[in-house]
Amino acid sequence: MAAKNQIKVVLMSYKYSFMREMLNKTSFISGIVFMMLNNACMVGQWIVLFTLKADFGGYGFREIILLWGFAAGTYGVAHAFFAQAFHLSDLIVNGKLDAYLVQPKNILISVITSAIIPHALGDIIFAYVACFIYSFNIKVFLLFTLLIITGGLILTSLAAILNSLSFWLKNSDIIADTGVSAVIFFATYPDGIFHGLTKWILFTIIPVGIANYIPVRSIINCDYSLILFNILACILFIAFAFIIFYRGLKRYASGNLMSARV
Amino acid sequence: MKKYLFIAKSQIMSNMQYITNIFGGFIGFTLILIILFNLYQYLYSDPNELINGYSMHQMIWYVIITELLWSILGGSKMSKKIANDVKSGNITYNINKPYSYVGYCLASNIGDLFLKFIFYTIFGMVLGIFFVGHFPNLNIISALIVIVISFLALVISILFITSIGLVSFFIEDASPLYWLYSKFILVLGTIFPIEFFPVFMQKILIFSPIYVVSYGPARLFVNFNYVDAINIFCAQVIYIFACYALCSFIYGKGVKRINVNGG
Amino acid sequence: MAIIEVKKLSKTFKVKLKEKGLIGSLKAIIKPKYKKVEAVKNISFEIEKGEVVAFIGPNGAGKSTTIKMMTSILYPDKGSINIMGLDPTKDRKKLAYQIGTVFGQKEQLWTHLTPYDNFKFFGAIYDINPSVIEKKIDEFRELFELDEFINTPVRNLSLGQRIRCEIVASLIHEPKILFLDEPTIGLDPVVKENIRTLIKRMNKEYKTTIFLTSHDVSDIEKLCKRVIIINNGQVVLDDSMENLKYHYLNKKLVDAKMKEKINLDDEEGITILKDKGYNLKLEVDITKRSVADAIKLLDPDKIIDINISNVPLEDIISNIYKNKE
Numbered sequence: 001m002a003a004k005n006q007i008k009v010v011l012m013s014y015k016y017s018f019m020r021e022m023l024n025k026t027s028f029i030s031g032i033v034f035m036m037l038n039n040a041c042m043v044g045q046w047i048v049l050f051t052l053k054a055d056f057g058g059y060g061f062r063e064i065i066l067l068w069g070f071a072a073g074t075y076g077v078a079h080a081f082f083a084q085a086f087h088l089s090d091l092i093v094n095g096k097l098d099a100y101l102v103q104p105k106n107i108l109i110s111v112i113t114s115a116i117i118p119h120a121l122g123d124i125i126f127a128y129v130a131c132f133i134y135s136f137n138i139k140v141f142l143l144f145t146l147l148i149i150t151g152g153l154i155l156t157s158l159a160a161i162l163n164s165l166s167f168w169l170k171n172s173d174i175i176a177d178t179g180v181s182a183v184i185f186f187a188t189y190p191d192g193i194f195h196g197l198t199k200w201i202l203f204t205i206i207p208v209g210i211a212n213y214i215p216v217r218s219i220i221n222c223d224y225s226l227i228l229f230n231i232l233a234c235i236l237f238i239a240f241a242f243i244i245f246y247r248g249l250k251r252y253a254s255g256n257l258m259s260a261r262v
Numbered sequence: 001m002k003k004y005l006f007i008a009k010s011q012i013m014s015n016m017q018y019i020t021n022i023f024g025g026f027i028g029f030t031l032i033l034i035i036l037f038n039l040y041q042y043l044y045s046d047p048n049e050l051i052n053g054y055s056m057h058q059m060i061w062y063v064i065i066t067e068l069l070w071s072i073l074g075g076s077k078m079s080k081k082i083a084n085d086v087k088s089g090n091i092t093y094n095i096n097k098p099y100s101y102v103g104y105c106l107a108s109n110i111g112d113l114f115l116k117f118i119f120y121t122i123f124g125m126v127l128g129i130f131f132v133g134h135f136p137n138l139n140i141i142s143a144l145i146v147i148v149i150s151f152l153a154l155v156i157s158i159l160f161i162t163s164i165g166l167v168s169f170f171i172e173d174a175s176p177l178y179w180l181y182s183k184f185i186l187v188l189g190t191i192f193p194i195e196f197f198p199v200f201m202q203k204i205l206i207f208s209p210i211y212v213v214s215y216g217p218a219r220l221f222v223n224f225n226y227v228d229a230i231n232i233f234c235a236q237v238i239y240i241f242a243c244y245a246l247c248s249f250i251y252g253k254g255v256k257r258i259n260v261n262g263g
Numbered sequence: 001m002a003i004i005e006v007k008k009l010s011k012t013f014k015v016k017l018k019e020k021g022l023i024g025s026l027k028a029i030i031k032p033k034y035k036k037v038e039a040v041k042n043i044s045f046e047i048e049k050g051e052v053v054a055f056i057g058p059n060g061a062g063k064s065t066t067i068k069m070m071t072s073i074l075y076p077d078k079g080s081i082n083i084m085g086l087d088p089t090k091d092r093k094k095l096a097y098q099i100g101t102v103f104g105q106k107e108q109l110w111t112h113l114t115p116y117d118n119f120k121f122f123g124a125i126y127d128i129n130p131s132v133i134e135k136k137i138d139e140f141r142e143l144f145e146l147d148e149f150i151n152t153p154v155r156n157l158s159l160g161q162r163i164r165c166e167i168v169a170s171l172i173h174e175p176k177i178l179f180l181d182e183p184t185i186g187l188d189p190v191v192k193e194n195i196r197t198l199i200k201r202m203n204k205e206y207k208t209t210i211f212l213t214s215h216d217v218s219d220i221e222k223l224c225k226r227v228i229i230i231n232n233g234q235v236v237l238d239d240s241m242e243n244l245k246y247h248y249l250n251k252k253l254v255d256a257k258m259k260e261k262i263n264l265d266d267e268e269g270i271t272i273l274k275d276k277g278y279n280l281k282l283e284v285d286i287t288k289r290s291v292a293d294a295i296k297l298l299d300p301d302k303i304i305d306i307n308i309s310n311v312p313l314e315d316i317i318s319n320i321y322k323n324k325e
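Chains as they are written, first to last, in my numbering: chain U, 1 to 262; chain L, 1 to 263; chain P, 1 to 325.
For the record, the hints were derived by calculation from the structure and aren't laboratory data. For clarity, every value in this text was computed on a predicted model and none was experimentally measured. One thing to keep in mind: the hints can contain errors.
Beta-carbon label-pair distances, calculated as ranges [stated by the list, open to error]: (1) L/D173 to U/I47: 25 to 33 Å; (2) U/I201 to L/K97: 44 to 52 Å; (3) P/D147 to U/K8: 25 to 33 Å; (4) P/G186 to L/G74: 35 to 43 Å; (5) U/K8 to P/E145: 28 to 36 Å; (6) U/I201 to P/N129: 48 to 56 Å; (7) L/F207 to U/A40: 21 to 29 Å; (8) P/E38 to L/G74: 38 to 46 Å; (9) L/K97 to U/K199: 52 to 60 Å.
Think of the CB as a built atom: it goes at the ideal place given N, C-alpha and C, for glycine as much as any other residue.
Hey, can you work out the whole structure from these sequences and the hints?
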């Protein structure tokens, strides 16, 4: 019952956020279109790279398109539906959680679902276009959908975890921004080009291996064995995000933590 | 001129507090370079191989310079700030001040970038030595020339971004224009030298801003010669005058529009 | 039985100190210095059901910190809070159903939506059945006179209308206790009066217990029967409004305009506050002297105009602030 009510509030919150964004239809649509173009442009560099070499880390051009689509998809899911997870630090430091704390709902869920970002929808559309270019196939489509959702949730959890460090460290927004952009940077390059320490880091500290590389490989190889692993990793990340956030909440200062100048 | 120096200086002083942010930015910068370092290692099966006339070491230094110029600029924040000034009407406070707004923008942004320029350059050089092991062939004079040309490249970038921000006088949201500009620089002017593109594109790119804001300084750094340096310098001077005139023109038109509409 | 019980509540903030300049910034990164600020020190009080209590104090006295601890926004360092048998630190969600909050200008409403849509959203937050919400909105619409703007987007409303909507939104779930942190800040006198009427009506119709902070003395005077004054994080006074006035209103102010210049000196129980020759202002301590004594002293024949008044509540309160510092 509580879960049902929570979902109802989240959906209502999406609806209202959507209405807010739709107030300015031109910027809503141009945001979406430009994000799609943006991604398409960035794929352009690969056209040049493929004139120099036939494959990168075992991936041909088609696979790279899929990789790009997948990266855009996880980013899109995370930013379209959980945008505020990426700005939690600001909300924490400047005391903007008050309104959520007095509501009888889960604070982290209410906060991160309180806004949508239109251009992230452009990412999702781009993701599916890329997915269809890779292969117009219902199985690929379903697998892709499931895995961009788990990937997006892992990215969101990472953002929530790093941003929650603001309860302890004031400047942790830099850490959070860097951590999130690291995932996004690496997600658009095939893991085959990395080796040694870098590769090790990509599957541990920066979870781009779990959120992006393994899923893309699963889709390419039609390998279902790692899907369960992915879902499990996703659940762990979410659980960890909740634990860190609620731990930190006890230290929340509601904007009273202004630093004094001497 | 003195007042513009003062504007730049106050901006430097106020930025002293944000040193942490600069150091934070190093992490992102390092990550991009790690990616590109791996990519080029993959691309070059043999470090002595030349691709389109560039060795792997030259490619790494090239991309360090172009990425440095891009990171120091921090263009998205800059264009947002100018667009906000226009939208919020803050810009009207500048109309009756005894300086030109474009000059003010340029001075304050140069001040803004000054510390970043120093810190990032040092950091970029250390990183380059770490990845490559040695500096390109430069003596004191040619190194100074590269620094001057890099600095002018940033000045041109600032003017370009200012002009984009000022377009907010006429359209609701100028950020798509900034996007276009940034994609143009990032895709065509950052990761690869112009020589990597098809021949017909090379001819266009040579005459595009990429030549003066990214390709030029980076190319000089990895393969210095005086003829190129003079060419690039002359092109930069032309660009600076043209861009300054463009900004002033847009600003002038924009302000008139405000006066007509009553703000 | 008390509906709110606050016992020995304390809260300390750690404030980072920052020195100026480059070296200061670098120092702050390597070895940050902190200063402890005790915002709330050992506060205790109880509030009965249906009371309207003013919780006042100068800026930085700890009002907001206390109210935020009571509404489960901040975690107390020490002490306990019991609201209707619930502990804000443990039963946050359960408590949320029982209380309503309005925090001055911190907006809880979606500005692009109409008050009506906002009320529906708040209804969903508190798990209220849609048909029940509709009825509730209708009821509020009449009671709080929202008709003329219930379908106008909040961003197009005046500040006063917005605050009214904020308050109504916080009432959707019929809270037993309402916490108001500076509800009338920045409003003009007419709108202030409006808001006060609303609060009074709510207290009367729904028997809502009201806990209110304000800097506006007339808010307090017109709404509250009880005043808790805190300063420097401690309760300095907890008394009924009547007692407050009774104890502190034993002084009268006498303003007189004279026909001729007279020269006076301070006397036992009569203090001359202002002496501009023709215009005089005296303060009479009526425990020692009567007002009549003061008038005699002025020579009644020479008085053109006279005004005898109480010391304003505002002065009383600021005196309490000063004395307890």
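Item to check | Those earlier numbered hints the structure runs against, lowest number first | outcome: The structure conflicts with no hint, since it agrees with every one listed earlier.
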